[in-house]
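Next come the chains, spelled out residue by residue.
2 protein chains.
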Amino acid sequence: MAVMVQKYGGTSVGSAERIEKVADRVAKTYANGHQVAVVVSAMGHTTDELVELANAISSDPDRREMDVLLSTGEQVTIALLSMALIKRGLKAASFTGWQAGIQTEAVHGAARISEIHTESLLDWMKRGGIPVIAGFQGIADGAITTLGRGGSDTTAVAVAAAIQADLCEIYTDVEGVYTADPRFIKGARRLDRISYEEMLELANLGSQVLHPRAVETAKKHGVALVVRSTFSQNEGTVITEMKTMESERVVTGVAFEKEVARIALLGIPLETPQLSHIFSALAKEQVNVDVIVQSVVREGEVDVSFTVMEGDVDRAIEVCEGMMEETKHKGVFHEKGLAKISIVGAGMISNPGVAAKMFTALESSGAHVKMVSTSEIKVSCVIDNDFLQAGLEKVHEAFELDQ
Amino acid sequence: MAVMVQKYGGTSVGSAERIEKVADRVAKTYANGHQVAVVVSAMGHTTDELVELANAISSDPDRREMDVLLSTGEQVTIALLSMALIKRGLKAASFTGWQAGIQTEAVHGAARISEIHTESLLDWMKRGGIPVIAGFQGIADGAITTLGRGGSDTTAVAVAAAIQADLCEIYTDVEGVYTADPRFIKGARRLDRISYEEMLELANLGSQVLHPRAVETAKKHGVALVVRSTFSQNEGTVITEMKTMESERVVTGVAFEKEVARIALLGIPLETPQLSHIFSALAKEQVNVDVIVQSVVREGEVDVSFTVMEGDVDRAIEVCEGMMEETKHKGVFHEKGLAKISIVGAGMISNPGVAAKMFTALESSGAHVKMVSTSEIKVSCVIDNDFLQAGLEKVHEAFELDQ
Chain A
24 MAVMVQKYGG
34 TSVGSAERIE
44 KVADRVAKTY
54 ANGHQVAVVV
64 SAMGHTTDEL
74 VELANAISSD
84 PDRREMDVLL
94 STGEQVTIAL
104 LSMALIKRGL
114 KAASFTGWQA
124 GIQTEAVHGA
134 ARISEIHTES
144 LLDWMKRGGI
154 PVIAGFQGIA
164 DGAITTLGRG
174 GSDTTAVAVA
184 AAIQADLCEI
194 YTDVEGVYTA
204 DPRFIKGARR
214 LDRISYEEML
224 ELANLGSQVL
234 HPRAVETAKK
244 HGVALVVRST
254 FSQNEGTVIT
264 EMKTMESERV
274 VTGVAFEKEV
284 ARIALLGIPL
294 ETPQLSHIFS
304 ALAKEQVNVD
314 VIVQSVVREG
324 EVDVSFTVME
334 GDVDRAIEVC
344 EGMMEETKHK
354 GVFHEKGLAK
364 ISIVGAGMIS
374 NPGVAAKMFT
384 ALESSGAHVK
394 MVSTSEIKVS
404 CVIDNDFLQA
414 GLEKVHEAFE
424 LDQ
Chain B
24 MAVMVQKYGG
34 TSVGSAERIE
44 KVADRVAKTY
54 ANGHQVAVVV
64 SAMGHTTDEL
74 VELANAISSD
84 PDRREMDVLL
94 STGEQVTIAL
104 LSMALIKRGL
114 KAASFTGWQA
124 GIQTEAVHGA
134 ARISEIHTES
144 LLDWMKRGGI
154 PVIAGFQGIA
164 DGAITTLGRG
174 GSDTTAVAVA
184 AAIQADLCEI
194 YTDVEGVYTA
204 DPRFIKGARR
214 LDRISYEEML
224 ELANLGSQVL
234 HPRAVETAKK
244 HGVALVVRST
254 FSQNEGTVIT
264 EMKTMESERV
274 VTGVAFEKEV
284 ARIALLGIPL
294 ETPQLSHIFS
304 ALAKEQVNVD
314 VIVQSVVREG
324 EVDVSFTVME
334 GDVDRAIEVC
344 EGMMEETKHK
354 GVFHEKGLAK
364 ISIVGAGMIS
374 NPGVAAKMFT
384 ALESSGAHVK
394 MVSTSEIKVS
404 CVIDNDFLQA
414 GLEKVHEAFE
424 LDQ
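Just so you know, the sequences run in chain order A and B.
Residues 24 to 426 in our numbering are what the first sequence lists, from first letter to last.
Residues 24 to 426 in our numbering are what the second sequence lists, from first letter to last.
Check each hint, because a few of them may be wrong.
For identical chains, the list gives no copy identity; a pair is met inside one copy or between any two copies.
Here are the simulated lysine to any residue pairs, SDA-like style, with alpha carbons at most 25 Å apart [unchecked claim]:
no., residue 1, residue 2
1, Lys44, Asp335
2, Lys209, Asn227
3, Lys114, Leu73
4, Lys359, Ser388
5, Lys110, Val130
6, Lys307, Glu264
7, Lys51, Ser82
8, Lys110, Ser82
9, Lys209, Thr253
10, Lys114, Ser387
What the hints contain is simulated information worked out from the structure, not anything from laboratory work.
Chain A with its partners taken away, still in its complex shape (with noise of 0.2 Å):
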């Protein structure tokens, strides 16, 4: 007998007969012996059309009635979840962000969780109880908070952590962690394992299977991760720490972004304030930057370049040309169009000539690399657009992820 939270998204509980489904889900690891704690989202486009009628009263509603207003969307589902559980004679009874202890920082919209009050959850699941809680919301000095993007998945691992569950299942509307997007490269492998650190990398690289910020609660709490699909019985991917696998692979998977920009700063005197003075303007304005690059230093100059979401260009482009008297660059030079192309492996760290190969395989494929960025677990190029699916594959194969 284990202590489970199983974590049921948007798409699991899009209407009664999914609910119905999930309910039966739960009965059967109920069945089974197993203690259940369940954590769901709101029903499908709930969230969407809430936005929309706030829209309709404001363009900028308020922050904390925003919560208010959202959180109605999870408080639907607990409900009813839990009336389809009664229904099959289990006990079970919804808890609301409050009603199941779980206190957040005092920030509206993306709030963090600071600790979760266990008592009526453990009380209750104690006297044989399923506690049904609403994911992504909590209280802060007795206001309702949101968790913001990836906060159903992050309230899950944390209820798991708090609870000192044996396992949190996220449940979800794919099999689990591909070694690529399934959808784009035909030879995508089902991963049996993944590291923490592997999934939190590619997390980071536009794999949207599990939000990085779920993926890093659980490697802090040690929560044991398995991703899987509510639509079928497959065991999905295991989220575990990385030295159980040491040596296994050399990379895991591989992961994109399209939409990519780079912004280059050209001939910046050395003598002026660089780096940290570009780069905090630019996050003032909240233009997110993802890789940088500085090249060497050529006659008392240097060039800075860096990625930016296509939408954030005009922007980031604003804010550099408003800051050439200080900086005192030359000019600045963009480039639309582009993609990022990233490996993630535990094993690449004590294995060296990982990047090269990426390179030839994207060379294989026509590709030009335009800029590199590397960690100890990952590598990442920025090609042109046009030859991302090529590239995909290239590297897809160079790797033998598909064996």
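Starting from the known structure of chain A, fit chain B onto it as the hints suggest.
Below, chain B alone, put in the same frame as chain A:
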């Protein structure tokens, strides 16, 4: 400067545009120097849609979870109205039932308010804030409860009593309380004032302007009530103590109910257990009995007849036939297609001949009075439904309610 509670019903907040209109009205009251607390219902058909969702899961949804589900309706409205007020530069914040400190009995679906912990509300109002409170809901032992029918009106009155408001305004889609339903009687006139007692009788007799629970709460705590329209600037009807208007009018208003049925138990021997027995059995089967008449004793036997709603006839007959052995009645008779007309007025107490005048008016419409029931401030008559319209007009005219 007065302290006011304003309550807006589901039609008044039925869309984003209507919520904007409500915000304008609240803002105007605030600009006039008053302190305002606002109580709102769920938007338009939200509650019906949530009930439908629950019924898709279960034909008999768990009552605790039903409350969790339904309470989201008002939570959406408080968030949206708060946003609209904040947009107008006002200091507003939403309060769910539990945030407003509304404690209820631990009953789901039809809880009564037991007390209101006003600290948060008063603190917010003292700092110049406008609380926007979810009607219809409260909390009991940490669980969300709902108040059932008339719940939002009752919340408004209870909040007004708890914060010692000078006035509680109930905004609805009609102009106030009328001498009769203006959809049926052309000469119906809006009343400027009416007593709690009269309003209570009218509410119980089918007038849908205000729920009897709300009137009763207002009477108990001496809360001055006004019923008025969200969609006009008219003054509405004031509901206050009776003593201020004794002898003003004999009859204040006329109310009616349709789809009434009469059931009669014929020839019950005097020595068998009778009334208590019969009506306990009916109550146990959830049959609501309205008018009860017992005939005079004839040859050691009595007849008992009573009215129920047409939808309850089959169940009532089943109960009556099931107890034939005990009551030893000789037969059960029933009749559908009836209606009940009632007149209400505080002046009736000291004014003989009121009932007679009513009978005369009904007979002049061609109706035959089948049952009569009286209280100190009301007379109800059951007639054939065919004569309802004519009967209403004649009675309205006879008591000069159109003048």
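Inset, instruction - State the violated hints by number, sorted upward, taking the hints as numbered earlier in the document. - result: Of the numbered hints, 1, 6, 10 do not hold.
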